[in-house]
Amino acid sequence: MAQKYKNGMAAIFETEAEILKAAHQVRNLGFRKFDAITPYPVHGMEEACGIQRSWIPYVTFVMALVGLSLGWLLTW
Amino acid sequence: MMKRNPLVLGKKTLKDITEDIVAPLESFPSKGWLGLFLSAKTLLIFYILTLAMVVGTGMGLLGVNHPNAWGTMIITFVFWIGIGHAGTLISAILFLFRQKWRTSVARTAEAMTVFAVMTAGLFPLLHTGRPWLDFWLFPYPNQRGPLWVNFRSPLLWDVFAVSTYATVSMVFWYIGMVPDFATIRDRAKNKIRHMVYGALSLGWRGSVRNWSHYEMVYLLLAGLSTPLVLSVHTIVSFDFAVSNLPGWHTTIFPPYFVAGAIFSGFGMVVTLMTLVRIGFPEFKNYITIDHMEVMNKIIMTTGLMVGYAYASEFFVAWYSGNLYEREVFINRAFGDYGWSYWSMVVCNTVIPQLFWFKKFRRSIPLMFIISIFVNIGMWFERFVITVTSLHHDFLPSNWGNYAWSAYDTAILVGSFGMFLTLFLLYLRLFPAISIAEVKPVMNVGHEEGKH
Numbered sequence: 001m002a003q004k005y006k007n008g009m010a011a012i013f014e015t016e017a018e019i020l021k022a023a024h025q026v027r028n029l030g031f032r033k034f035d036a037i038t039p040y041p042v043h044g045m046e047e048a049c050g051i052q053r054s055w056i057p058y059v060t061f062v063m064a065l066v067g068l069s070l071g072w073l074l075t076w
Numbered sequence: 077m078m079k080r081n082p083l084v085l086g087k088k089t090l091k092d093i094t095e096d097i098v099a100p101l102e103s104f105p106s107k108g109w110l111g112l113f114l115s116a117k118t119l120l121i122f123y124i125l126t127l128a129m130v131v132g133t134g135m136g137l138l139g140v141n142h143p144n145a146w147g148t149m150i151i152t153f154v155f156w157i158g159i160g161h162a163g164t165l166i167s168a169i170l171f172l173f174r175q176k177w178r179t180s181v182a183r184t185a186e187a188m189t190v191f192a193v194m195t196a197g198l199f200p201l202l203h204t205g206r207p208w209l210d211f212w213l214f215p216y217p218n219q220r221g222p223l224w225v226n227f228r229s230p231l232l233w234d235v236f237a238v239s240t241y242a243t244v245s246m247v248f249w250y251i252g253m254v255p256d257f258a259t260i261r262d263r264a265k266n267k268i269r270h271m272v273y274g275a276l277s278l279g280w281r282g283s284v285r286n287w288s289h290y291e292m293v294y295l296l297l298a299g300l301s302t303p304l305v306l307s308v309h310t311i312v313s314f315d316f317a318v319s320n321l322p323g324w325h326t327t328i329f330p331p332y333f334v335a336g337a338i339f340s341g342f343g344m345v346v347t348l349m350t351l352v353r354i355g356f357p358e359f360k361n362y363i364t365i366d367h368m369e370v371m372n373k374i375i376m377t378t379g380l381m382v383g384y385a386y387a388s389e390f391f392v393a394w395y396s397g398n399l400y401e402r403e404v405f406i407n408r409a410f411g412d413y414g415w416s417y418w419s420m421v422v423c424n425t426v427i428p429q430l431f432w433f434k435k436f437r438r439s440i441p442l443m444f445i446i447s448i449f450v451n452i453g454m455w456f457e458r459f460v461i462t463v464t465s466l467h468h469d470f471l472p473s474n475w476g477n478y479a480w481s482a483y484d485t486a487i488l489v490g491s492f493g494m495f496l497t498l499f500l501l502y503l504r505l506f507p508a509i510s511i512a513e514v515k516p517v518m519n520v521g522h523e524e525g526k527h
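In the order they appear, the protein sequences are chains A and B.
Note that the first sequence covers residues 1 to 76 in my numbering.
Note that the second sequence covers residues 77 to 527 in my numbering.
It is possible that some hints are incorrect.
Label-pair ranges, simulated between beta-carbon atoms [stated by the list, open to error]:
hint, chain 1, residue 1, chain 2, residue 2, range
1, B, W415, A, V59, 52 to 60 angstroms
2, A, V66, B, R281, 26 to 34 angstroms
3, A, T15, B, I354, 33 to 41 angstroms
4, B, I365, A, V59, 39 to 47 angstroms
5, B, I365, A, M63, 41 to 49 angstroms
6, A, I12, B, P207, 52 to 60 angstroms
7, A, V59, B, A275, 21 to 29 angstroms
8, B, K435, A, M63, 45 to 53 angstroms
9, B, R281, A, V59, 20 to 28 angstroms
10, B, H270, A, R53, 28 to 36 angstroms
11, A, W72, B, L209, 22 to 30 angstroms
Straight-line alpha carbon distances no greater than 25 angstroms define the calculated SDA-like cross-link-like pairs of lysine to any residue that follow [to be verified]:
hint, chain 1, residue 1, chain 2, residue 2
12, A, K33, B, M292
13, B, K91, A, A11
14, B, K117, B, G355
15, B, K360, B, V370
16, A, K33, B, Y290
17, A, K21, B, W280
By construction, these hints were calculated from the structure, which means they are not laboratory data.
Backbone N, C-alpha and C fix where the C-beta goes; we use that ideal spot for every residue, glycine too.
Input sequences plus hints: build the corresponding full structure.
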């Protein structure tokens, strides 16, 4: 199948459960470059698509330290 | 398992939800909205003119003078800042506690927060009397000698508390709207609309990667906003409590102010929501009687906390044996401003008791009236705290009443013009209910019985 659709393919799903199931199956078939577009966050979709936990908390932590140091610098 | 009432009524499909919520954005304004908007805008123009006169002539136009150096501006500042707290509580704390009923009221409550903080923020800036020098409030390297803001002053803490609050609540509000802006962009039929909402939606595609980061950001912002619900009004109360004035110098102030803020905020949310339900009848399926009832319960609970604080202040004034403290509190209830004290007590502690009855908690006209009383009562609370403490301090020769002028009235009334203009514009420019948050709490799209 991967040879046949070199330019990619798209499918439309009517319900949350169907797209979640499809995402699971696509990943189990060994596809890695695929995406699931939904109008609202679907519970379990990250695991289904194999998405890593967001790295944003680390940025937040570093920025919080910067903010804290600046605050201390001002009161110093 | 206990059967719960559905959060959204009317057996909506996902498509219905989108169409209902964006309807006010995509249709021509009704006469009712236009009428309200024109009135609010006229009031706003009147407010701008009043402020121009007060700034141009000076603070003397208001009733502030010795010994009442603080008056309408500070009272109304605390009033509006307090109102903001309900929005943050609903959007942040109830999010962390996974309260699903928050989804349909959170957006509008957050909008109320943002506009209330904007309305409030003007007052301290103008109350300096020389608003063109307001940048002096921030610590920055300057050429005025070794002059640095006083970090020991609660007024400076307030500068940081309020500006942080304004920033965080605006970012939180905006981030929450990004997916919905994308929905509006995708539905847009004309180019300008597509461009504006396209820019606002920051290239949102709704991909699983988008959602993954989005949900993390939302969680972090909720976590950051949560302490603000408690800290902002705590610091506002420090403006009073850190001074030595009897009536202000009490340790109960921080929790008392926070409870009062949540109380007044929910009062305003109920006022606005009853009106939104009338203006957009389709929203009745999203902001249901159940939602209103929960908020009325919170009003009653926080109203009792505030009542407890009033009683405890009197107890401490008597039990401390402090002559001045006792004198201030007797004067507060029975002196020249007794009428304001008793209006506050009636509005805040007596009238909300009606909410003990389920029938009253679920009656729209009644909750509207009660919420108006709460708004009035909470304004009087700040009036009582500010004026009765200042006008009657340690020395009888220092006593004097607040010289309330027409400009005080104009500023108080006009501030509603600013708030309502912003709020009415919001109702027609932004999705007033979170589309992306309401959909997941629906039971459509799940396979029956498999979860």
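Holds or violated: A/K21 to B/W280, with C-alpha atoms at most 25 angstroms apart: Holds, at about 24 angstroms.
Hint check for A/V59 and B/R281 - Cβ pair distance inside 20 to 28 angstroms: holds, 21 angstroms
Hint consistency between B/K117 and B/G355 [alpha-carbon to alpha-carbon, up to 25 angstroms]: holds, 18 angstroms
Verdict for A/V59, B/A275 (Cβ pair) under range 21 to 29 angstroms: Between A/V59 and B/A275, where Cβ atoms are some 23 angstroms apart, the hint holds.
Distance restraint evaluation - B/I365, A/M63, Cβ atoms, bounds 41 to 49 angstroms: holds, 43 angstroms
Status of the given 39 to 47 angstroms range, CB of A/V59 versus CB of B/I365: Roughly 42 angstroms apart at Cβ, these two residues keep to the hinted range, so it holds.
Cβ separation of A/T15 and B/I354, checked against the hinted range 33 to 41 angstroms: holds, 35 angstroms
Given pair status - B/M292, A/K33, alpha carbons within 25 angstroms: Status holds; Cα separation ~22 angstroms.
Pair hint B/K91 and A/A11, alpha-carbon separation not exceeding 25 angstroms: holds, 19 angstroms
Assessment of proposed distance window 45 to 53 angstroms (beta carbons of B/K435, A/M63): Hint holds: Cβ distance 51 angstroms, inside 45 to 53 angstroms.
Consistency of beta-carbon spacing, B/R281 to A/V66, with hint 26 to 34 angstroms: holds, 30 angstroms
Outcome of range test on Cβ distance (B/W415, A/V59; 52 to 60 angstroms): holds, 55 angstroms
In this structure, none of the earlier numbered hints is contradicted; all agree with it.
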